[in-house]
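Line order of the protein sequences matches chains A and B. 1 is the number of the first residue of the first sequence in my numbering; add one for each residue after it. 1 is the number of the first residue of the second sequence in my numbering; add one for each residue after it.
Possibly wrong hints are sitting among the right ones.
To be verified - With a Cα cut of at most 27 Å, we get these calculated DSS-like pairs of lysine-lysine: (1) B:K44 with A:K36; (2) B:K111 with A:K18; (3) B:K59 with A:K35; (4) A:K35 with B:K86; (5) A:K36 with B:K59; (6) B:K59 with B:K128; (7) A:K36 with B:K86; (8) A:K6 with A:K35; (9) A:K18 with B:K21; (10) A:K36 with A:K6; (11) A:K194 with B:K128; (12) B:K17 with A:K35; (13) B:K111 with B:K15; (14) A:K6 with B:K59; (15) B:K15 with A:K6; (16) A:K194 with A:K217; (17) A:K6 with B:K86; (18) A:K18 with A:K6; (19) B:K111 with A:K35; (20) B:K21 with A:K36; (21) B:K159 with A:K36; (22) B:K86 with A:K18; (23) B:K15 with B:K44; (24) A:K35 with B:K159; (25) B:K17 with B:K44; (26) B:K17 with A:K36; (27) B:K17 with A:K18; (28) B:K128 with B:K44; (29) A:K18 with B:K15; (30) B:K15 with A:K36; (31) B:K111 with A:K6; (32) B:K44 with A:K6; (33) B:K18 with B:K111.
For the record, the hints were derived by calculation from the structure and aren't laboratory data.
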Amino acid sequence: MTDINKKLSALYDGELEKNEIDNVLRELDNSDELKKTLSMYSLIGLSMEDKENITHIASANSRKDNQIFSKLWLSNALTAAASILLTLFVVNYADLSRMNISTESANKIASAVNSKEAKEVVANSNEFLVDHIMNVINDPAFMNTNTIDLRNVGYNISDKQNLGYSNGRESFKLRIENRDFGLNRIRYWRHGNKMIYLVPISNGRVVTIYGNISASKAIKIANSIKQ
Amino acid sequence: MKKNSNNNDSELVEKVKKGNKMAFNFLMNKYYSRVYASLFSFTKSHEDSEDLTQMTFLKVWQQISTFRGDSAFFTWVYRIAINLAKNYVSSANFKKQKINTSIEEAEIEIKSFDDSELSLIHEQSLHKIRNFIDSLPESLRTAFTLREQDGLSYEEIGKITNTPIGTVRSRIFRARESILDHINQEIIKND
């Protein structure tokens, strides 16, 4: 089994020779054990990929209650996930009881919905913005699109494969959209220990900056792109 | 060996387009957990997340001919999942029965988590797994982390660690085997 397991591991990583793929697929089709192994690879990878997200899932599964939801709002009302949920709730007029959310949590959400900041989020949000933020968070390749010389503001390309920028202390990825999502000023979200900034620039474009970087630096970078 | 970390996906997708259920089965098993995790952020419910994940892969099977390869395969799958999640959030009439009927009509086997897999999606289990990964021999831990956490290709890992690609492949495999042994002996067994 070792040889086929080794090939399965390589195929899981997308690194198997083309002429070996069919053989692995046939073996996989005939073996529940191999299917289980593949699924386990995926779960192990997931636990490595986004510790914060999977811990939320794990915690919720462990406790089997909705405390995680209210905690999300209390601890950080502008996390990306919360903003997205807020948008969806308001835009789609969802029934909160559908989500098994308690009265207390519903009241907190109602307060959040009525806050000035939340209204701005909703006013500026549409399905493209929701998609965009979710892609930034969940798809590592999504931010690997633009190569821009940022040496004039002190950042070098630190990772040519993944197009990351760094000045030694701060690191981030950058993407320029040819749409403005209806934004007329900077929006930002916290995701784990990283920040997502959407900074409107000229010609109806928006710069997305995702990483370990302050708002002032993100604006400075966006301004350098404007010029 | 290929440089792109998901390079085999395009070949597998082409096979699925030709009706190859084995290739579909592989891709479903590979991405099932990630889709589930994304959907969980919307539903906060295991049951609904798993139902939606199954619906996602049903749609993947049904609509694979429309995938043009402009984006990564997972990006396309992910978009299907998010659209389903939006409908889920906006609909008060989400019926599981509809999913079951559709799956039967599709005549394909759609995955679901079994008990041992579910036991891994548990805070304590994940903590144990991470601790074990931290205790792996340095050469295995480095190769495995560069692959799983940083998404580097075998070639890139080989350059960083100054080792042949075959050795990288072997180290990542050995790391996975060690983690699986640990899960089977120390986590699933004790649940």
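Now the hints, each set against the structure:
| no. | hint | result |
| --- | --- | --- |
| 1 | B:K44 with A:K36 | 25 Å, holds |
| 2 | B:K111 with A:K18 | 25 Å, holds |
| 3 | B:K59 with A:K35 | 21 Å, holds |
| 4 | A:K35 with B:K86 | 30 Å, violated |
| 5 | A:K36 with B:K59 | 23 Å, holds |
| 6 | B:K59 with B:K128 | 35 Å, violated |
| 7 | A:K36 with B:K86 | 30 Å, violated |
| 8 | A:K6 with A:K35 | 14 Å, holds |
| 9 | A:K18 with B:K21 | 18 Å, holds |
| 10 | A:K36 with A:K6 | 14 Å, holds |
| 11 | A:K194 with B:K128 | 25 Å, holds |
| 12 | B:K17 with A:K35 | 21 Å, holds |
| 13 | B:K111 with B:K15 | 19 Å, holds |
| 14 | A:K6 with B:K59 | 30 Å, violated |
| 15 | B:K15 with A:K6 | 22 Å, holds |
| 16 | A:K194 with A:K217 | 14 Å, holds |
| 17 | A:K6 with B:K86 | 39 Å, violated |
| 18 | A:K18 with A:K6 | 15 Å, holds |
| 19 | B:K111 with A:K35 | 10 Å, holds |
| 20 | B:K21 with A:K36 | 17 Å, holds |
| 21 | B:K159 with A:K36 | 32 Å, violated |
| 22 | B:K86 with A:K18 | 37 Å, violated |
| 23 | B:K15 with B:K44 | 34 Å, violated |
| 24 | A:K35 with B:K159 | 31 Å, violated |
| 25 | B:K17 with B:K44 | 33 Å, violated |
| 26 | B:K17 with A:K36 | 24 Å, holds |
| 27 | B:K17 with A:K18 | 17 Å, holds |
| 28 | B:K128 with B:K44 | 23 Å, holds |
| 29 | A:K18 with B:K15 | 12 Å, holds |
| 30 | B:K15 with A:K36 | 22 Å, holds |
| 31 | B:K111 with A:K6 | 23 Å, holds |
| 32 | B:K44 with A:K6 | 35 Å, violated |
| 33 | B:K18 with B:K111 | 21 Å, holds |
Checked against the numbered hints given earlier, the structure breaks hints 4, 6, 7, 14, 17, 21, 22, 23, 24, 25, 32 and satisfies all the rest.
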